[in-house]
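Those protein sequence lines, which keep their order, are chains A and B.
Per our numbering, the first sequence starts with residue 4, numbered consecutively.
Per our numbering, the second sequence starts with residue 8, numbered consecutively.
These aren't lab readings, by the way, just hints derived from the structure by calculation.
Here the structure is a predicted model, which means the values were calculated and not measured.
Treat the hints loosely; a few may be bogus.
Claimed, not checked - Pairwise CB distance ranges (calculated):
| hint | chain 1 | residue 1 | chain 2 | residue 2 | range |
| --- | --- | --- | --- | --- | --- |
| 1 | B | Pro34 | A | Glu120 | 55 to 63 Å |
| 2 | B | Lys115 | A | Lys380 | 48 to 56 Å |
| 3 | B | Asp114 | A | Lys71 | 52 to 60 Å |
| 4 | A | Thr65 | B | Asp114 | 53 to 61 Å |
| 5 | B | Asn94 | A | Gly91 | 42 to 50 Å |
Claimed, not checked - Residues from chain A that face chain B, not an exhaustive set, calculated with beta carbons under 7 Å:
| hint | residue |
| --- | --- |
| 6 | Thr144 |
| 7 | Lys147 |
| 8 | Gln231 |
| 9 | Asp234 |
| 10 | Tyr236 |
| 11 | Tyr237 |
| 12 | Tyr240 |
| 13 | His243 |
| 14 | Asp259 |
| 15 | Pro272 |
| 16 | Ala330 |
| 17 | Ala333 |
| 18 | Gln334 |
| 19 | Lys366 |
| 20 | Ile368 |
Claimed, not checked - Stretch by stretch, here's where chain A covers chain B in the computed footprint (C-beta under 8 Å, at least three residues):
| hint | stretch |
| --- | --- |
| 21 | 44-56 |
| 22 | 60-73 |
| 23 | 120-129 |
| 24 | 135-142 |
| 25 | 158-166 |
Glycine included, every Cβ here is placed at the ideal spot set by N, Cα and C.
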Amino acid sequence: MTDKDLQVGVSGRFNRRGFLKAAAAGAAVFAAGTSSCNAALQEAEKKPEPCDADSVVTNISTALAVPKKEISMPGPFPGLVARASHSGVTRGQKPNHGDPHAATAMLAAAMKELTGEKDPRDAWARFFQPGDRVGIKVNPTGGKLLSNTHELNRAVINSLVEVGVASSNIVLWDREEDLLHDAECIPKNYPDIRCSAMCYIAEENGGRVIKGMDRIDKSVYYEFDIEQEYDEYYTPYMIHTGTRSYFAKLVTEELDKIINVPVLKNSGPMVTLCLKNLSYGSTSNCRRGHQIMNRFIAEVCAFPPLRDKVVLNIVDGLRGCYEGGPAANAQYMWEANSIWTATDPVTADSVCWDLIAKKRIEKGIATPEQIEEGRQKYDFLVRAENLSLGMFKGGEIELREVDLG
Amino acid sequence: MINIVFAVLFAVSAGTADEAIFSLLPPDGVPEGWQRSEDPRLFPGEALFRHINGGAELYLQYGFDRLALADYVRGDFEARVEIYKMNDAGAAAGIFAENSKGVEKSDKFGDACTLDQYQIIFHRGCYYVSVTCYEPSEELQAAMEALASAVDEAVNKESM
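Same shape as in the complex, but just chain A:
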C-alpha cells in the first residue's frame, strides 16, 4: 500500500480509484505513450467497472414531493434563451478591464429580449422586488483569467439596485472562499455588497482554520449511498464525509432569490454551465457526486432551495473556453463577447453547449461523433428535463439574438 492509498480511502458501492485509473489510462496512452502510462493501463484493466449510476439509491423523491411554485425552474420562459453580443466589450484588454458600458448594454438588451419588455428596469422588476435578498452565484474556478468578469457582475448588481433591491441584501457567493479570493470576488472590489462562501478561512487561536460546518443546513440534504474519503488536505474543504451533501444555509435560509452566473466553459468533453455551477457550488461533501455526476447535477438542482429560488441564469461569455476547462488554459480561450439570459437553466446549458461543441470541432479538438458520444455519456440535461427543470434541445428551444455591434 502506498502513502497515497493511506491518504485516499474509498468505501461504498464501487471503487473510485479504479474508475479514475481506467479513465486516466486511456488518456495517458493517447497523450504520452510512455511506459508509465502503459503501466497505468495495465493496472486499470484489473479494476472493476464503474457503478451503474441508475442503481444508486438517492433521496430525490423527497424533493419531488414538495410542490413547485410559480417561479420554480424553468420559470416563466421555458425553452427560451436570449443572447446579446458586442464585439467591443472585451476591448482586447486583460480580463476584468473590458468596457463596463458595453457589458451593461448587453445585459439590458438580453433581459429585454428574454422578457419582451421595452425597458430593462421592467424586465428586472419581473423577477426582483425591493426587500428581496438576492444571491449571485458565480464560478471563480478559472482565477483571474477565466472567472466571472467584474464588468458583468457590476452590471447585474446595478440592475438589482435600480429596481430597489438594497445593496446590503445582495450577496456574491461560491462554495469556497479561496476561489473567490483568487478570482478577486472580494470586498475590495465589491464594497457595497457581501461576498460569502460556504467554506471559509477563519482566524482562531492565532492560527488560520478552515470552517464551514456552521454554514451548512443539516435539515436539507441530498443523500445517496456512496461515501468517499478525501485526503487530509482536502477533507476540511468538503466540510464532512458520509452519504449526505448538505445545502448551504445561504441558499436555504439567507436568500429569497438567486441569480446563477456561470462562465462559458467546457469541463473535459462536457460543459460546466448553469446546472453544474449550482449543484456543486451549493452543497457540502460534493466531490463524491462525480461518481454519479449526471444524476448529482440534475437531482441537486431539483431540490427546493435551488429549484424554487434560481429565477434567472446569466451565462458570462465575455471570454469562453472550449478546452482545458474548468481551469484556465489561455491557449483554448476566446473572446466570445456574449452573454445569455434565461429562466430555464436546461435550455441555457443546451444552447451554450452547442456553441462550445462547435468551437471544439472547428479547432480540431473533437469530431462531431465524439461530441455526440459526449452528449450521450454526460446526459445530465436529459435527466434535468425529465425532472421538469427545463427543456433540452429535444424540445422546442427558441434562441433570440441581438448584436450590439
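Starting from the known structure of chain A, fit chain B onto it as the hints suggest.
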C-alpha cells in the same frame, strides 16, 4: 509507537518536499523589478481541488504530487508561476499533452512548450509548469519568458 514514528517521518519528508518545490520558484528580482506579491502557496494531493476545482481530477488521474504557486508583480503588471510536481515524467508529459492538444509546440522551454500571449506552459522531467499573465503586452511577454526560463533552469539543475 510505529504510528508516531511514521507520522514524524512523514512530516519531516513533507517539509523537505515542500521546501524543494518552493526553491524552484523564481526569487524576487527575477525578472528585474519584479517581486512576489505574497507568500507562495502549496497545494499537496487533493488540495489541488481548492485551486482548480474539478480540473484537478485529470492531474490526479495522471499522478499528481504537489503544486507550488507564486504571484509576481511589477507596478500594475501581474504574473503567476505554477509548478506542478507529477509522480513521474510520463505524468508530466501526459498533462502537457492534454493541455496543448492542437496547439503549436516549441522547444524554447523544457522538453516541449507552448507560447501564448497570456500563458507559457512546458514540461521537463516530472514537472509541468505554467506561467500566466493577464494582459497581452510585449513587456509581459518578456517577463513571462524570463520567469519560465528561471523555472526551467532550476528544474533542469535539480534533475542533474
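Status of the hints after comparison with the structure:
With their beta carbons about 57 Å apart, proline 34 (chain B) and glutamate 120 (chain A) fall inside the hinted range of 55 to 63 Å. For the hinted restraint 48 to 56 Å between lysine 115 (chain B) and lysine 380 (chain A), the CB-CB distance of approximately 37 Å leaves it violated. Distance hint check for aspartate 114 (chain B) and lysine 71 (chain A): the Cβ-Cβ separation is about 59 Å, which falls inside the suggested range of 52 to 60 Å. Against the hinted window of 53 to 61 Å, the Cβ-Cβ separation of threonine 65 (chain A) and aspartate 114 (chain B) comes to about 58 Å, which satisfies the hint.
Roughly 46 Å separates the CB atoms of asparagine 94 (chain B) and glycine 91 (chain A), a value that falls within the hinted 42 to 50 Å. Restraint check, threonine 144 (chain A) versus chain B: the minimum CB separation of about 4 Å is within 7 Å; hint holds. Interface hint status for lysine 147 (chain A): upheld, as the beta-carbon distance to the closest one in chain B is roughly 5 Å, under 7 Å. Hint status for glutamine 231 (chain A) relative to chain B: violated, with the closest Cβ pair at about 11 Å, above 7 Å.
A hinted interface residue such as aspartate 234 (chain A) counts as satisfied when its beta carbon comes closer than 7 Å to some beta carbon of chain B; here the least separation is about 4 Å, so the hint holds. At about 4 Å, the closest approach between the beta carbon of tyrosine 236 (chain A) and any beta carbon in chain B falls short of 7 Å, and the interface hint on this residue holds. The restraint placing tyrosine 237 (chain A) at the interface with chain B holds, with a minimum CB-CB distance near 4 Å, inside the 7 Å limit. Among the interface hints, the one on tyrosine 240 (chain A) holds; its C-beta lies about 6 Å from the nearest C-beta in chain B, closer than the 7 Å criterion.
Interface restraint check for histidine 243 (chain A): the shortest CB-CB distance to chain B comes to about 15 Å, outside 7 Å, so the restraint is violated. This hint is violated: aspartate 259 (chain A) has a C-beta 27 Å from the nearest C-beta of chain B, more than the 7 Å allowed. Checking proline 272 (chain A) against chain B: minimum C-beta separation of about 12 Å lies over 7 Å; hint violated. Among the interface hints, the one on alanine 330 (chain A) holds; its C-beta lies about 4 Å from the nearest C-beta in chain B, closer than the 7 Å criterion.
Interface restraint check: alanine 333 (chain A) against chain B, minimum CB-CB distance 4 Å, threshold 7 Å, status holds. The closest approach between the C-beta of glutamine 334 (chain A) and any C-beta of chain B is roughly 5 Å, which is under the 7 Å cut-off, so the hint is satisfied. For lysine 366 (chain A), the shortest C-beta to C-beta distance to chain B is roughly 6 Å, which falls under 7 Å, so the interface hint holds. This hint holds: isoleucine 368 (chain A) has a C-beta 6 Å from the nearest C-beta of chain B, less than the 7 Å allowed.
A stretch counts as covered by a chain when three or more of its residues have a beta carbon under 8 Å from one of that chain; for the stretch 44-56 of chain B and chain A the count is 6, and the coverage holds. A stretch counts as covered by a chain when three or more of its residues have a beta carbon under 8 Å from one of that chain; for the stretch 60-73 of chain B and chain A the count is 9, and the coverage holds. A stretch counts as covered by a chain when three or more of its residues have a beta carbon under 8 Å from one of that chain; for the stretch 120-129 of chain B and chain A the count is 6, and the coverage holds. Counting residues of the stretch 135-142 of chain B whose C-beta lies closer than 8 Å to any C-beta of chain A gives 3; at least three are required, and the coverage claim holds.
Using a Cβ-Cβ cut-off of 8 Å, 0 residues of the stretch 158-166 of chain B lie near chain A, which falls short of the minimum of three, so the contact claim is violated.
Consistency with the previously given hints fails for numbers 2, 8, 13, 14, 15, 25, ordered from lowest to highest.
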